[in-house]
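Novice: Sequence:
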Amino acid sequence: MATKVIMPQLGESVVEGTISRWLVKEGDAVEKYDVLMEVSTDKVDTEVPAPAEGVVLKLYYPEGETLHAGTVIAVIGQPGEIAPEQPGKVDLHAPAA
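For the sequence shown, the numbering used here begins at 6 and goes up steadily by one.
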């Protein structure tokens, strides 16, 4: 099953971030915690790690794109798995199921 990579909320008052640089491309194999990209905000610059191991199935946004926290920005899955065409959004404040 594919794993969503979401734009993190990088602070209480930080609601969006900009993709500074992708360090992977579609089709790349990644291990859990490998750095996928760099994100910058008006307060901090940080690296975003892979939440799971697998293959980068889809990168939904280009470098330079500014996105709200919770936006699905990429999908990691198994080779041959199909990523959704629409990225979607995750509610960061919803209770865990």
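Rather than coming from a laboratory, the hints here were simulated on the basis of the structure. C-beta: ideal position from N, C-alpha, C; glycine also. Misleading hints may appear alongside valid ones.
Said to hold, decoys possible - DEER-style ranges, computed between Cβ atoms: (1) P84 - L28: 38 to 48 Å; (2) I87 - E17: 35 to 45 Å; (3) E58 - I87: 14 to 24 Å; (4) Y38 - P89: 21 to 31 Å.
As the list claims (entries may be wrong) - Below, in silico cross-link-like pairs of lysine to aspartate or glutamate (EDC-like), each with a Cα-Cα straight-line distance of 16 Å or less: (5) K9 - E90; (6) K37 - E52; (7) K37 - E58; (8) K9 - E58; (9) K9 - D50; (10) K9 - E31; (11) K9 - D47; (12) K48 - E17; (13) K63 - E21; (14) K30 - E43; (15) K63 - E17; (16) K63 - D33; (17) K48 - E31; (18) K37 - E17; (19) K63 - D47.
Novice: Could you work out which earlier hints the structure fails to respect and list their numbers in ascending sequence?
Specialist: Structure breaks hints 1, 9, 11, 13, 15, 17, 18 and 19.
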